[in-house]
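Novice: The chain contents come next:
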Amino acid sequence: MEHLNFTQLNEYLDDEINKDKLELVRAHLFSCTQCQQELSRIKDLRTQLTKEVQTLGGDVKPALGWEKRLHQRYRETYRVKPQWNRSWGRPVIAALVALLLLALYLPLQNRVPLRRPSGPSVLEPIENLPSPHKELRLFGLDQQKVPESLETRPERAVVYTSTNEDELEQVYQELQKAGLQPVRRGNEILVERINLQEAERLIAEITKK
Amino acid sequence: MTTENEQIIIARARQGEEEAFTLLVNKYGPRLQQMVLAMVRNPYDAEDIVQEAFLTALQRLETFKGDSSFGTWLYRIAYNRTIDTLRRQREVTVETVYSSSREEPSDFGQLDSKAEISKALEVLSPEQLGVVFLRHYQDYSLREIAATLNVPIGTVKSRLYYAYSRLQAELSKIREAEQKWSI
Numbered sequence: 001m002e003h004l005n006f007t008q009l010n011e012y013l014d015d016e017i018n019k020d021k022l023e024l025v026r027a028h029l030f031s032c033t034q035c036q037q038e039l040s041r042i043k044d045l046r047t048q049l050t051k052e053v054q055t056l057g058g059d060v061k062p063a064l065g066w067e068k069r070l071h072q073r074y075r076e077t078y079r080v081k082p083q084w085n086r087s088w089g090r091p092v093i094a095a096l097v098a099l100l101l102l103a104l105y106l107p108l109q110n111r112v113p114l115r116r117p118s119g120p121s122v123l124e125p126i127e128n129l130p131s132p133h134k135e136l137r138l139f140g141l142d143q144q145k146v147p148e149s150l151e152t153r154p155e156r157a158v159v160y161t162s163t164n165e166d167e168l169e170q171v172y173q174e175l176q177k178a179g180l181q182p183v184r185r186g187n188e189i190l191v192e193r194i195n196l197q198e199a200e201r202l203i204a205e206i207t208k209k
Numbered sequence: 001m002t003t004e005n006e007q008i009i010i011a012r013a014r015q016g017e018e019e020a021f022t023l024l025v026n027k028y029g030p031r032l033q034q035m036v037l038a039m040v041r042n043p044y045d046a047e048d049i050v051q052e053a054f055l056t057a058l059q060r061l062e063t064f065k066g067d068s069s070f071g072t073w074l075y076r077i078a079y080n081r082t083i084d085t086l087r088r089q090r091e092v093t094v095e096t097v098y099s100s101s102r103e104e105p106s107d108f109g110q111l112d113s114k115a116e117i118s119k120a121l122e123v124l125s126p127e128q129l130g131v132v133f134l135r136h137y138q139d140y141s142l143r144e145i146a147a148t149l150n151v152p153i154g155t156v157k158s159r160l161y162y163a164y165s166r167l168q169a170e171l172s173k174i175r176e177a178e179q180k181w182s183i
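Chains A and B, in that order, give the protein sequences. So the first sequence is residues 1 to 209, counted in our numbering. So the second sequence is residues 1 to 183, counted in our numbering.
Derived from the structure by calculation, the hints contain no laboratory data. What you are looking at is a predicted structure, and each value in this text was computed from that prediction instead of being measured.
Derived DEER-like restraints, expressed as beta-carbon distance ranges:
hint : chain 1 : residue 1 : chain 2 : residue 2 : range
1    : A       : Gln34     : B       : Ile8      : 54 to 60 angstroms
2    : B       : Arg31     : A       : Glu2      : 38 to 44 angstroms
3    : A       : Ser40     : B       : Thr63     : 42 to 48 angstroms
4    : B       : Phe64     : A       : Ala27     : 42 to 48 angstroms
Lysine to any residue pairs mimicking SDA-like chemistry, simulated, CA-CA at most 20 angstroms apart:
hint : chain 1 : residue 1 : chain 2 : residue 2
5    : A       : Lys43     : B       : Glu116
6    : A       : Lys68     : B       : Pro43
7    : A       : Lys43     : B       : Lys114
A virtual CB, placed ideally from N, CA and C, is assigned to each residue, including glycine.
Just chain B, same shape as in the assembly (with noise of 0.2 angstroms):
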């Protein structure tokens, strides 16, 4: 789908046109329903966050003035609905999103890659989670990250290597707990 074609295709599907839109359901949907899933970690606010992405994206295409892609509009949209809903679930529970997958130790008080990874992810804020996504799950680059946040390409480096700073030193405790654990 070139960028020509896709605009004749969101015009199409802005005019109603249903297999318009499942063109583009199909190459964005699968991929940005599992990132937000992998975020806010609830299919119904994943399902929420992607139908509302979609149907704004299309709704508000006047006020996307960006030379990018409908996929980076798609996505910057996604991006603050989910860091909404983040915020929205951090004050319901003083435990994270990221605590219903925590794994517990293995016999040995070790957290595999993963879940180490999971639990570390926890201290981030929002922002700074949804730029880790973007940078590692999306292989979005710092400029295809500041497009699409709308942001300078230095608040990006900023929270993002914030985030590294923060995993690094969550991942060390993480760490140096399980250390002591299996002693």
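So here's chain A without its partners, still in its complex pose (with noise of 0.2 angstroms):
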């Protein structure tokens, strides 16, 4: 057999010896030095370019924020959906849309007459008041707690509400009659200047009667 060609010992470093050839490539091989020694200096090359080329590009550094860029581009070339429109984008667009309905609800709310509650008393500071006073509201009887610090300056207060037109009007007229200058809001008669105790009390005679 002739000497292996430069193309032949690189196909068969590469397994790619028809079958049928490399036992005949492997015997030459076996025996001829020449062949032997060229194999050898392609397989050192080969080793030399595999160690050296991973390294070639060790000196020179990527441009500093490539990767920020390529995703510039991308953004640039896609229209990027936002990133808060895909893992956590739902319950944030449902929170937003909460808020967008409570908000629109709770002028409607302000508009409507609170439900009241009915039957035993409820006792409610107005914190917000524009003015100095203090207002109290009984919505009923049996105060069951009278904070500490309204008691101490009822300046003003609310002493019965009720949706009973004919209830309001009685109640209304009873106070009259006890001297004090109840006045009307709505479903609210509002005395000023009563004292807590004095307030309860009427309306507690009141409501016997």
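Starting from two chains that each stand alone, build the complex the way the hints lay out.
Specialist: Shown next, in the form of structure tokens:
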């Protein structure tokens, strides 16, 4: 067999020799020093290439921020959906919709009269009055607990509230008879500068009647 | 990232989901960037090539009818862009792209192994250089190179073996010169 040429030797290293020729090639390589040496040189070259080519780019650094600019180009090319529209986008949208509905609902709530509790009393302060007055609201009779701070300075009180016009009118007249100056405001009756205990007593009397 | 998962990720990236694009960049970007950089030796050229490769690979995915992975397609585009850039670089200057990294002989006129290879690679054509890098940098098999370049395996062998032959001759010359210098 003639000497193996450069391509054949490379094909041998790459396992690209046809099976039917492989044994012949091996046999030749076994016996031919010249082809062995040439094969060894090619192997060395390949080993050196694999080793050195890996490090060739090492002394040149990539441009700083190349990934950032790549993403920027991507965003320009594709109209990238905002990040929030993906993993946590839906909960955020749901929350925004809920807030929007709440914002629409609250003004409506302010326009209609608040539902007053019926039955046993609730005494609650109105904290955000523009006037310096404190205001007490007695929505009934049996005050279970009156905050101390309100007891000390009850300068103004809503003494009665009801949705029943007849009832309101009756209470109003009773208060007048008691020498007070009640004021009607919607379905409330207000008495200014009334002592809390006095208000409670009056209402108790009126209710008994 | 399995092939199936990758297809989903690619589809999402094409719909403008940047998270999916990030996954692709994380998987292929750094290695591709390094290989291109090692070939063109210019960070800005390398960046342009990598950008073009990623965006073109996504945009023209329909034209890629191979059974191979997205990586193959990506590397094919990057390879072609790199070859174009190398040709342009060589037109601009007689000095080849490796000149800047050429190391001066040491005190005894000896180049180290890296410098020898770097100098020898100058004699290769861009196409030969590309094949050498795919084989020895990317550790692709001959078939993987053929798939990447979309050429018959015979063409790959021809380019690669011819490159070896030229490199071997060039290294011999370099070593002879070094020997003369050291005498």
